[in-house]
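Using the sequences plus the hints, can you model the full thing?
2 protein chains.
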Amino acid sequence: MLSATIAAHPAAAATTLRQRHSLRPCQPLCVPIGVAAPTRGMATARPSVVKALARKNIKGVPAPKLSFPILVNSCTGKMGKAVAEAAVSAGLQLVPVSFSAMEVPDGKCEICDREICIHDPSESEKILPSIVKEYPDLIVVDYTVPDAVNANADLYCKLGLPFVMGTTGGDRQLLHKTVQDANIYAVISPQMGKQVVAFLAAMEIMAEQFPGAFSGYKLEVMESHQATKLDVSGTAKAVVSCFQKLGISFDLDEVKLVRDPEEQVTVVGVPEEHLAGHAFHMYHLTSPDGTVSFEFQHNVCGRSIYAEGTVDAAMFLYTKIQSGASKKLYDMIDVLREGNMR
Amino acid sequence: MLSATIAAHPAAAATTLRQRHSLRPCQPLCVPIGVAAPTRGMATARPSVVKALARKNIKGVPAPKLSFPILVNSCTGKMGKAVAEAAVSAGLQLVPVSFSAMEVPDGKCEICDREICIHDPSESEKILPSIVKEYPDLIVVDYTVPDAVNANADLYCKLGLPFVMGTTGGDRQLLHKTVQDANIYAVISPQMGKQVVAFLAAMEIMAEQFPGAFSGYKLEVMESHQATKLDVSGTAKAVVSCFQKLGISFDLDEVKLVRDPEEQVTVVGVPEEHLAGHAFHMYHLTSPDGTVSFEFQHNVCGRSIYAEGTVDAAMFLYTKIQSGASKKLYDMIDVLREGNMR
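Protein chains in written order, with the working numbering: chain A, 1 to 342; chain B, 1 to 342.
These aren't lab readings, by the way, just hints derived from the structure by calculation. Since we're looking at a predicted model, the values are computed, not measured. Note that CB positions come from ideal geometry on N, CA and C, so glycine has one too. A few of these clues could be false.
[Stated by the list, open to error] Okay, derived cross-link-like pairs now, BS3-like style, lysine-lysine, Cα gap no bigger than 27 Å in a straight line:
hint: 1; chain 1: A; residue 1: LYS245; chain 2: B; residue 2: LYS65
hint: 2; chain 1: A; residue 1: LYS218; chain 2: B; residue 2: LYS65
hint: 3; chain 1: B; residue 1: LYS245; chain 2: A; residue 2: LYS65
hint: 4; chain 1: A; residue 1: LYS158; chain 2: A; residue 2: LYS328
hint: 5; chain 1: B; residue 1: LYS320; chain 2: A; residue 2: LYS245
hint: 6; chain 1: B; residue 1: LYS245; chain 2: A; residue 2: LYS320
hint: 7; chain 1: A; residue 1: LYS65; chain 2: B; residue 2: LYS218
[To be verified] Derived list of chain A stretches under chain B, where covered just means 3 residues or more per stretch with a C-beta under 8 Å from a C-beta of chain B:
hint: 8; stretch: 197-203
hint: 9; stretch: 206-220
hint: 10; stretch: 291-297
hint: 11; stretch: 335-341
[As the list claims (entries may be wrong)] From chain B, some residues computed to sit far from chain A (all C-beta separations above 12 Å):
hint: 12; residue: SER122
hint: 13; residue: ASP171
hint: 14; residue: ASP251
Rendered as structure tokens:
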């Protein structure tokens with residue numbers, strides 16, 4: 001009831017969520033296949049970068065921004081495009097090369113006014129070595145397809161390329177084994193929404209530390225996603241599992257799935273422009289005598305949270321590499337534990 | 001927005017929250033001052049009690065309920081009365097003696113159809129030793145006044161009486177020192193709402209583990225309490241402190257305090273019958289680009305949650321004493337970690 005006084009979901013307001021960067025003159029950034037680009041034209045390829053200084057250690061002096069080369073495989077997908085844009089916004093150096101099975105006009109696509117050369121995935125094994133040579137600090141971000149997860153990981157490992165695996169699916173056990181055997185730096189996480197991961201981790205810690213704390217409480221769960229998503233969200237399942245450890249009797253088939261667009265807009269409050277891509281979750285707990293209630297909500301529109309989380313993961317991985325960390329394989333919990341790096 | 005589909009706070013429904021026990025014939029339960037009651041008439045004073053068996057270990061056989069003598073000091077206050085009633089409901093043996101500076105008709109009051117003899121606090125030092133002798137497993141619950149906290153703790157410790165200190169205020173450092181020096185079993189907690197403590201602990205763990213995770217997010221906080229409470233609630237301050245560690249810029253003077261009864265009923269959703277005693281809290285987080293929001297609410301009507309939490313604390317303390325635990329001084333986090341004992 002308290003939420004009645006809070007404005008409707010901010011994304012519901014008809015504002016442009018992201019400022020458009022002013023247009024810059026088109027630069028010939030595409031690296032010809034198999035040819036190392038001349039040093040003079042590669043002003044954006046810095047062989048070494050400034051280590052990020054902990055902001056809190058230098059009073060009043062903004063720490064230099066963390067920056068390093070990042071290749072997004074693939075820029076042509078919606079997630080890849082969002083990550084590439086978020087990376088540029090964050091000051092990272094977007095390598096003007098990507099891979100995609102999609103046909104793209106002139107073999108190029110545009111990200112933040114930068115031309116990105118798109119090659120067929122079958123050429124990645126041939127092209128990537130020269131990219132790695134040109135950008136020794138390169139980190140790859142993978143948003144491809146489940147069927148490509150393991151083959152891509154094999155290739156990155158073969159080339160010694162640190163990577164962030166944002167693509168879900170594939171053989172996850174094999175993926176982890178490949179990375180561990182190759183001793184490669186990587187962040188692997190099926191959920192890149194950093195703050196959602198933090199919320200879920202808090203619930204898991206609460207459930208593990210305080211079993212049965214909510215015994216006797218009643219639980220109601222509602223989630224809303226785009227109509228094409230037929231199953232209960234993995235996050236909802238994970239949170240329900242926490243509540244079960246907290247002593248609540250609840251079956252997954254009691255979760256209320258809202259998939260009707262009209263109900264999503266009028267009742268749930270999903271902005272119309274995000275009907276095709278949103279993840280709204282609500283958990284409501286009531287004490288046995290009805291005098292106490294708790295409510296938790298996490299509502300996501302679009303994919304910005306995942307793009308930003310992926311950039312955080314890449315930045316985290318970069319600092320680990322620079323510091324020569326002995327641990328190589330990480331997840332979003334590790335990224336969260338590191339703290340804010342921007 | 002999702003809460004719109006959840007029924008209004010359950011306590012808003014005009015139902016009687018607690019069933020009245022059927023009347024039993026009045027029994028002469030008052031212990032004359034200074035005289036040990038004859039064994040025959042003390043059927044309710046069991047010298048030893050059955051240890052609680054873990055329910056999960058015996059399939060299909062309900063574990064015997066935990067039971068032991070409990071003295072509530074004072075039954076005449078609202079919290080004390082609620083705890084005494086909750087203790088009886090939970091199957092504990094309410095000792096028919098209490099203390100109060102209030103004048104009560106015939107020096108007695110009634111709790112769940114049991115007569116409780118009320119003595120002046122100045123007589124507690126004289127009376128309690130005989131109570132302790134009669135009920136060797138006795139645990140005292142203290143809900144008195146801040147000015148009595150330290151003197152009462154001194155007395156309980158002098159008599160070797162384990163206790164649960166629900167009264168807030170007094171000199172807390174001295175209170176802890178007194179208990180530690182006397183090596184007495186005690187649960188001390190200014191917040192007996194167990195589930196609220198669990199929620200706050202989860203927030204604290206999240207903030208400690210994931211500093212800066214919500215950097216850049218905007219926070220809105222609203223809390224509603226009875227009009228007589230002029231300051232921001234301690235729980236709200238503690239949760240805000242967590243969000244600050246999580247990277248959010250927020251000042252306590254930004255907390256919206258709702259104290260107008262009309263707004264509390266129509267906007268916040270506080271049931272009218274609980275206007276004089278409620279604690280509603282709402283925290284709303286929004287991502288920098290407005291595409292993500294989180295909301296946490298904890299809404300308490302009346303004092304049932306504190307009474308039940310106090311009974312949980314007493315039960316917890318009893319099991320610690322029975323098991324001869326080396327640790328003596330506990331708080332609600334310890335109670336939570338133990339799990340459900342009912």
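Item to check | Proposed proximity, LYS65(B) with LYS245(A) (alpha carbon, max 27 Å) | outcome: Given pair LYS245(A), LYS65(B) holds - Cα atoms ~22 Å apart, limit 27 Å.
Checklist entry - In terms of beta carbon proximity below 8 Å, does the stretch 197-203 of chain A have 3 or more residues touching chain B? => result holds (count 5)
Checklist entry - If you look at each residue in the stretch 206-220 of chain A, do at least three have a Cβ nearer than 8 Å to any Cβ of chain B? => result holds (count 10)
Checklist entry - Given the proposed pairing of LYS158(A) with LYS328(A), does the C-alpha separation stay at or below 27 Å? => result Distance of about 15 Å is within 27 Å: holds.
Next on the checklist: Does LYS320(A) sit within 27 Å of LYS245(B), going by the straight-line distance between their CA atoms?
Outcome noted: Since the Cα atoms of LYS245(B) and LYS320(A) sit roughly 23 Å apart, the hinted pair holds (cutoff 27 Å).
Item to check | Pairwise hint evaluation, LYS218(B) against LYS65(A), where the allowed Cα distance is 27 Å at most | outcome: Between LYS65(A) and LYS218(B) the Cα gap is close to 23 Å, so the pair holds against 27 Å.
Next on the checklist: How does the stretch 291-297 of chain A fare against chain B when you require at least three residues with a CB closer than 8 Å, holds or violated?
Outcome noted: With 7 residues closer than 8 Å to chain B, the stretch 291-297 of chain A meets the three-residue bar; holds.
Next on the checklist: Checking a non-interface call: every C-beta of chain A should be farther than 12 Å from the C-beta of ASP251(B). Is that right?
Outcome noted: holds (18 Å)
Next on the checklist: Over 12 Å from every CB of chain A: does SER122(B) meet that, or does the non-interface label fail?
Outcome noted: The claim stands: SER122(B) keeps its Cβ more than 12 Å from every Cβ of chain A (closest is about 36 Å).
Next on the checklist: Just want to verify: ASP171(B) was marked as not at the interface with chain A; is every Cβ pair farther apart than 12 Å?
Outcome noted: About 29 Å separates ASP171(B) from the closest Cβ of chain A, which puts it past 12 Å; holds.
Item to check | Given coverage of the stretch 335-341 of chain A by chain B, tested with a Cβ cutoff of 8 Å and a minimum of 3 residues | outcome: holds (count 4)
Next on the checklist: Does LYS65(B) sit within 27 Å of LYS218(A), going by the straight-line distance between their CA atoms?
Outcome noted: holds (23 Å)
Checked against the numbered hints above, the structure violates none of them.
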